[in-house]
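**Student:** Okay, here's what each chain looks like letter by letter:
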Amino acid sequence: MSDSVGPIKQVTFPEGLVGCSDWRHFVLLDADEAGPVRMLQCLDDPEVGFFVTDPKLLLEDYQLEIPPSAASAIDLVEQEKAIVLCTLVVKQDPLVVTANLLGPLVINRENGRGVQVVLSGSDYSARHVVVGGPAEMS
Amino acid sequence: MLILTRKPGEAIVIGRDVRVSILSVDGERVKIGIEAPREVPVVRQELLDAVRQSNLEAATAAASASTVAASLRHVLSQKAPVTSHQEPPEGSRR
Numbered sequence: 430m431s432d433s434v435g436p437i438k439q440v441t442f443p444e445g446l447v448g449c450s451d452w453r454h455f456v457l458l459d460a461d462e463a464g465p466v467r468m469l470q471c472l473d474d475p476e477v478g479f480f481v482t483d484p485k486l487l488l489e490d491y492q493l494e495i496p497p498s499a500a501s502a503i504d505l506v507e508q509e510k511a512i513v514l515c516t517l518v519v520k521q522d523p524l525v526v527t528a529n530l531l532g533p534l535v536i537n538r539e540n541g542r543g544v545q546v547v548l549s550g551s552d553y554s555a556r557h558v559v560v561g562g563p564a565e566m567s
Numbered sequence: 019m020l021i022l023t024r025k026p027g028e029a030i031v032i033g034r035d036v037r038v039s040i041l042s043v044d045g046e047r048v049k050i051g052i053e054a055p056r057e058v059p060v061v062r063q064e065l066l067d068a069v070r071q072s073n074l075e076a077a078t079a080a081a082s083a084s085t086v087a088a089s090l091r092h093v094l095s096q097k098a099p100v101t102s103h104q105e106p107p108e109g110s111r112r
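Chains as they are written, first to last, in the numbering used here: chain P, 430 to 567; chain B, 19 to 112.
Since the hints were derived computationally from the structure, they do not count as laboratory data. Quick caveat: nothing in here was measured; it's all calculated off a predicted structure. Heads up, a few of these hints could be off.
Said to hold, decoys possible - Some but not every residue of chain B turned toward chain P, in silico, with C-beta under 10 Å:
1) 33
2) 36
3) 40
4) 43
5) 60
6) 61
7) 70
8) 77
Just so you know, even glycine gets a beta-carbon here, dropped at the ideal spot from N, CA and C.
Chain B extracted, bound-state conformation (with noise of 0.2 Å):
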């Protein structure tokens, strides 16, 4: 990892286009502002982690819970504003 060390007001820039300013520090909050392309995304650690966890827990679940499947139908057909669909017999399916 390259470690740097910056003042408030000063610039990191990577690549070509996407500069990382330091804003200001205040205890232990650093304000980063972070000018990219808006093909670039931006996402803070915690969320992508949050969505990554998740992935892998649905994923898991939904393999060994697939008997799960009717019961849930019907729980979120009812929260559905569309309640008139008639749901089809489980052999039915293609």
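For reference, chain P alone in the conformation it holds in the complex (with noise of 0.2 Å):
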């Protein structure tokens, strides 16, 4: 499932991203290689770019029930036709990466339209750990 993107390599997010609507357009780098970690380079601002990869890899059983008003965003009519990534923060010296699994990103990957959704109802934190302790956490 997370290496099943396809052929799409231009995203669109009509609105933007959450708190940054001016990044809307952005090519998904690697789209066609297996490795988890793919970039998702902002074609708006150069100096935008994200770490992203399959929350599944991150959280098994990592679950997201798509919300209508993001599904309509992006035409999506079938859930299975969504590829789902989550942004990853990465600091270094020490490496410290954690995941947004709150607000992942929603792709349908008919079209290439994307939309940031915001799962109110869950859990899931915006950063999640991957690599280094909690202690680096706040």
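Work from the hints to combine the two standalone chains into their complex.
**Tutor:** Structure below.
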């Protein structure tokens, strides 16, 4: 499932990302390779890029219900046609990596449209620790 | 900002379809009921703030830390249930 991104390389978020509505057009790099981490590079601002991964690799039972508002924003009819990615925050010295499981990116693989969903009914963290001890977390 | 005073049991209607009711007040806690069409997202402010903050941190980190990609891949590939995949050499990327 995590490797079945298909031919989509360009991703458009019609509403931008949460709090960052100017970031709309992206390219998903390494999309045809099976590595778990990919790069979502913003075309609107070359300084902006995200490491992203499949949240199920971090939390096996990660589940989300795509809200109807999000599904209609990207013309998603069947949930199986969605690619779900979470962004990673990477800090060095020492290396600490956290994942945003609260606000995953949902991409319709059929049209390359994406939306960032805020899972308000869930207990998922915006700073789920992937690498580095809890001592580094505030 | 429009400021209104309401009592428990009273409500406010926003537009045609959104209704915000004050259900109860207990000290500092106000219980609010929201009726809105399914296509209208209703989210607590602090969750939006957390996601926005994470977006800003993730974006800048990626811009300055592209060299971390290889080690990240390594760490995550050890977590991944399927690890038979051979990582291609760095130069083969299109």
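**Student:** Taking the hints in turn, state whether each one holds.
**Tutor:** Hint check results:
| no. | hint | result |
| --- | --- | --- |
| 1 | 33 | 15 Å, violated |
| 2 | 36 | 13 Å, violated |
| 3 | 40 | 20 Å, violated |
| 4 | 43 | 22 Å, violated |
| 5 | 60 | 7 Å, holds |
| 6 | 61 | 5 Å, holds |
| 7 | 70 | 3 Å, holds |
| 8 | 77 | 4 Å, holds |
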